[in-house]
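> Each chain, written out:
Number of protein chains: 2
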Amino acid sequence: MGKLKMYTDRMSQPSRAVLIFCRVNGIDFEEIKVDISKEVNPLQKVPAIVHGNLKLSESHAILVYLASAFTGIADHWYPTELSRRAKINSVMDWHHSNLRNGAVNYVIHTTLAPALGRQLNPKAAIEAEKVLLSSLKALEDFWLNGDDGGFLCDNTQPSVADLSMVCELMQLEVLDERDRSRILSPYKKVLQWIENTRTATNPHFEEVHNILYRVKKKLEQQRARTAETGTDPSNRMGGPSKI
Amino acid sequence: MGKLKMYTDRMSQPSRAVLIFCRVNGIDFEEIKVDISKEVNPLQKVPAIVHGNLKLSESHAILVYLASAFTGIADHWYPTELSRRAKINSVMDWHHSNLRNGAVNYVIHTTLAPALGRQLNPKAAIEAEKVLLSSLKALEDFWLNGDDGGFLCDNTQPSVADLSMVCELMQLEVLDERDRSRILSPYKKVLQWIENTRTATNPHFEEVHNILYRVKKKLEQQRARTAETGTDPSNRMGGPSKI
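Sequence order for the protein chains is A and B. Mapping the first sequence onto the working numbering, position 219 (from 1) lands on 1427, and the numbers just tick up by one. Mapping the second sequence onto the working numbering, position 140 (from 1) lands on 1348, and the numbers just tick up by one.
You may find that some hints are simply not true.
One copy or any two copies: either way a pair holds, since identical chains are not told apart in the list.
Below, a list of computed lysine to aspartate or glutamate pairs in the DMTMM-like style, where the Cα atoms sit at most 20 angstroms apart [to be verified]:
| id | residue 1 | residue 2 |
| --- | --- | --- |
| 1 | K1211 | E1239 |
| 2 | K1263 | D1362 |
| 3 | K1263 | D1349 |
| 4 | K1263 | D1217 |
| 5 | K1396 | D1356 |
| 6 | K1263 | E1239 |
| 7 | K1426 | D1236 |
| 8 | K1426 | E1348 |
| 9 | K1338 | E1385 |
| 10 | K1345 | D1283 |
| 11 | K1396 | D1217 |
| 12 | K1424 | D1349 |
| 13 | K1263 | D1387 |
| 14 | K1263 | E1348 |
| 15 | K1213 | E1239 |
| 16 | K1263 | D1356 |
| 17 | K1263 | E1289 |
| 18 | K1263 | E1238 |
Honestly, the hints are just simulated from the structure, not real lab data.
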């Protein structure tokens, strides 16, 4: 079987989750960088992998496949025991309909829209914030409310679900810092869980998130200039830009 | 381990998928009927199961768990071979962000809103229709575009993914018949696939969908009365009703 090929755009949080997983677990792969806004792959999604005859999209399916197909992956990433595995599948399914929608849409409609050639949309941002906050509350009160193992579903070591969902929340880094703090600071278990996942997967976690930190810095500089000149950044940025 | 308990609302398509799976595979269970609009279960979702110490929500996670935890389930429902399993996981993940949103929101905003105590929302219906149509196109051109095995991902027998996604599309039964035909009829492979899944899982498929056919009939009668009297049914229904 040929070397694993991985199509990624590091600006996409599911791509980052899959990259970190491979790095942490020493899976050898060739990274093919794709610009989501330009390229078309099956169903126009990254990440996608090619492994032998298998072409696979959807980050959760990829993470689960990699955890099973490669040898030497520690069991905690996707436990063999059926009940533990079932809970990890459950929280990943929940993620699709809740945290993902809330986080992605809030970041786009408050911050990234101009860079994608779209207008900021305060009304859509309000709706997205509701989904994001109720998802954070469910994480705090339900999914992280066990014996305090530090990870989802009462685990003491990270699973593919932790990696996927922490990467999702990491995109909030690009928000205005006060706004990010307003949203996240009430959720103490969520904040601790982000740190636990970061620590468990470093230095790969930070390295793969570098692109996000660069965007964060650029947006901070834009906001500072805007504060000086009083210009609305959503107008100043104009059309599509690579930030 | 005690008997499997299953919390369902047969008006919810994921509940119907799990029920049909258990019936087809001879899994013994106790059904506890829940009215979604009244009851609260973990994260306010049905279906949910209790099996020994395991409490589990999210229909895909439940289907995958049941296919693995009970003996005698034919391999085609959730194949052991990693590549085939990966593709089924992939299409189920895709479903969450595409077909599900499109189908649920279209049905609610064009048809079921008054019964849920909400106003019909033509603008939201237009947005939902876009998602629904692009999902149907992806099903037709990508997920069902193999060697014509008759099921998703080139399979010749149904998997948990077929059951979940066909149940999702079955909710379109409650639409005005001309509208349902307008939406579905261009997608010949999708129509054939619905029939294949129905045939492969009957008589349980039809029995579990009975509740939907009753709602369909009531709504048809309402539409006929509206056509006679010229009254707008969305106003006439007023507040919440059990249809």
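> Within a copy, between copies, both or neither: where do K1263 and D1387 come within 20 angstroms Cα-Cα?
neither (39 angstroms within a copy, 36 angstroms between copies)
> At most 20 angstroms between CA atoms: does that hold for K1211 and E1239 within a copy, between copies, both, or neither?
within (11 angstroms within a copy, 48 angstroms between copies)
> Measure nothing new, just compare the shortest in-copy and cross-copy C-alpha distances for K1424 and D1349 to 20 angstroms and report within, between, both or neither.
neither (29 angstroms within a copy, 39 angstroms between copies)
> At most 20 angstroms between C-alpha atoms: does K1396 with D1217 qualify within a copy, between copies, both, or neither?
neither (30 angstroms within a copy, 35 angstroms between copies)
> Regarding K1263 and E1239, is the shortest C-alpha distance of 20 angstroms or less found within a copy, between copies, in both, or in neither?
within (15 angstroms within a copy, 39 angstroms between copies)
> Quick one: K1338 to E1385, C-alpha cut-off 20 angstroms, is that within a copy, between copies, both, or neither?
within (19 angstroms within a copy, 35 angstroms between copies)
> Give the relationship of K1263 and E1238 under a CA distance limit of 20 angstroms: within one copy only, between copies only, both, or neither.
The answer is within: 14 angstroms in one copy meets 20 angstroms, while 40 angstroms across copies does not.
> Is it within, between, both, or neither for K1263 and D1349, if the alpha carbons may be no more than 20 angstroms apart?
between (37 angstroms within a copy, 16 angstroms between copies)
> Reference check for the pair K1263 and E1348, CA-CA at most 20 angstroms: within, between, both, or neither?
Between. Shortest inter-copy distance 18 angstroms satisfies the 20 angstroms Cα cut-off; intra-copy 36 angstroms does not.
> Tell me, please, which holds for K1426 and D1236 at an alpha-carbon limit of 20 angstroms: within, between, both or neither?
neither (32 angstroms within a copy, 59 angstroms between copies)
> Between the shortest in-copy and the shortest cross-copy C-alpha distance, which are at most 20 angstroms for K1213 and E1239: within, between, both, or neither?
within (6 angstroms within a copy, 45 angstroms between copies)
> Tell me, please, which holds for K1263 and D1217 at an alpha-carbon limit of 20 angstroms: within, between, both or neither?
Within. Shortest intra-copy distance 17 angstroms satisfies the 20 angstroms Cα cut-off; inter-copy 36 angstroms does not.
Against the hints set out earlier in the document, violations occur for numbers 7, 8, 10, 11, 12 and 13.
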